[in-house]
Amino acid sequence: MPQLSIWLMALAAASFTAKVTAADAELMRVTAAMKNSFEAKRQATLDRLDQDETQALCTSYTDSPLPPAIAQRIAAANRATIRPPAAGQYLGDWKRGEQIAETGTGLQFSDDPSKPAGGNCYACHELSGVEMAFGTIGPSLRHYGKLRGATTVVLEMAWGKLYNSNAQTPCSNMPRFGHRGILTEQQLKDVMAYLFDSASPVNQ
Amino acid sequence: MSMIRCTTLVSLAVLIVSSPATLRAETSTVDAIAEYHAMFGDENPAELWQLRGKNLWEQPRGPKNVALSKCDLGLGAGVIDGAYAQLPRWFDDTQRVQDLESRLVFCMVTLQGFAEERLLKTRFGDGPKKSELEALTAYLVAASRGHKVAVSLTHPAEQAAYDLGRGAFFYRAGPHDFACATCHGEAGKRIRLQVLPKLTEVEGARSAYTSWPAYRVSQGELRTMEWRLADCFRQQRLPQLKYGSEIAIGLTMFLAKNANGGVMTAPAIKR
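Residue numbers (the working numbering), protein chains in the order written: chain A, 1 to 204; chain C, 205 to 475.
Everything labelled a hint here was simulated from the structure, so no lab data went into it. Hints may be right or wrong, so weigh each one.
[What the hints assert, rightly or not] Residues from chain A shown here face chain C by an in silico Cβ test under 7 Å; the list is partial:
{"#": "1", "residue": "Ala33"}
{"#": "2", "residue": "Cys58"}
{"#": "3", "residue": "Thr59"}
{"#": "4", "residue": "Ser60"}
{"#": "5", "residue": "Thr81"}
{"#": "6", "residue": "Pro84"}
{"#": "7", "residue": "Gly135"}
{"#": "8", "residue": "Pro175"}
Here the structure is a predicted model, which is why all the values come from computation and not from measurement. C-beta atoms are modelled at their ideal positions from N, C-alpha and C, and glycine is treated no differently.
The following block holds chain A by itself, in its conformation from the complex (with noise of 0.2 Å):
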């Protein structure tokens, strides 16, 4: 019997390496494909299709749970990435903020790169009363700041979320606002005004 389990654990082992080998065999020929099949474009190059590798394990278990292992790999590797804004400052100019929720635009190559990019928080959250064109992938932020007050542990964990979403939620279909440069940490200071100032529509 005892012989019996070692070599069914050895079997496990043995088809779990298979497994993922395989799978990154695909994310290989497909990363591959890729590349063969997009030209750069303006400031859209092709090393845009390089993934790190949170996008790659994000794509690799795209169908299956993330295995608890991993989700903490991916966790703690984008937590160590997350920069505090300089002198504690996290809330910038909520109409900035505004400003920044609702633009779209940014980093495609239809874009003029010299315009700051937007959050285009708008496209998936609910934020104020009273923009309506709201998207739904992500949860409503509605009165955000109003609901959860402003202490320092808060906006920590908010700072943290808009700077890298993979900290908290390994594989987020958020993007990594600061981490991957899209918004500039002023960028990001104002879009917490926008959440927290209680003069803020979020709030109103």
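Please arrange chain C on chain A, whose structure you already have, making use of the hints.
Relative to the frame of chain A, chain C by itself:
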């Protein structure tokens, strides 16, 4: 043309201005979009592309001055009824899996003697710069109206194209980490007011696939599946998808297979 577009835009403006209250609730928002689509019902400018495409298909053209009647879209030379509903498919003569657009390029180059670069230069029309490929596609797709989508994966290369398309659908990349699945992996979601079909399931895949190509009101152009895919990748912040590339054809195969059995209604009209 401009009259149609003008009327459409005014109707849309009236719809938005006159019903802010109904736009409040999510369900009403979806209703408003349906209402907006219903307004276009009988007047689809896609018919202008279809007419132009019919002439391009039937008339002797190109350096060799021949018509496309010898072009085999998979059901035999010159057979167009229902051909689009079975594409992409494997072709023995090219030893490739091809979608309609890449097959058309092949026919126009080999039968009519056109230069491929010339055809690809105007693959997407832009106002006065008309696209022959978009017009031909509109005509040939219309010849599949009422036919059920019926792509096959029996040839190993067809299965490989499907697998590749599936892989591309879930491939996360670029500064925003977007994959096709980011927006099209869940049913009932929206970007802004745009309802997003879940393309991995029958219902969503059918509603999307059977209504492309479409006349895009916002662009005043008829757009094909090749354009649809390339523009999704632009919004994903990825580079330019090459026309007729293995990813373009693979993704089309993936979507078509998921939509198998759905009845073709394209060319449709979309926002």
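Do the hints match the structure? See the list:
1. Ala33: Hint on A/Ala33: holds, closest Cβ of chain C at ~5 Å, below 7 Å.
2. Cys58: holds (5 Å)
3. Thr59: Check passed: Cβ of A/Thr59 comes within 5 Å of chain C, closer than 7 Å.
4. Ser60: violated (9 Å)
5. Thr81: Violated: closest Cβ of chain C sits about 13 Å from A/Thr81, beyond 7 Å.
6. Pro84: This hint is violated: A/Pro84 lies away from chain C, its Cβ roughly 22 Å from the closest one there, beyond 7 Å.
7. Gly135: Since the shortest Cβ distance to chain C is 4 Å, the answer is holds.
8. Pro175: With a minimum Cβ separation of about 4 Å from chain C (threshold 7 Å), the hint on A/Pro175 holds.
Checked against the numbered hints given earlier, the structure breaks hints 4, 5, 6 and satisfies all the rest.
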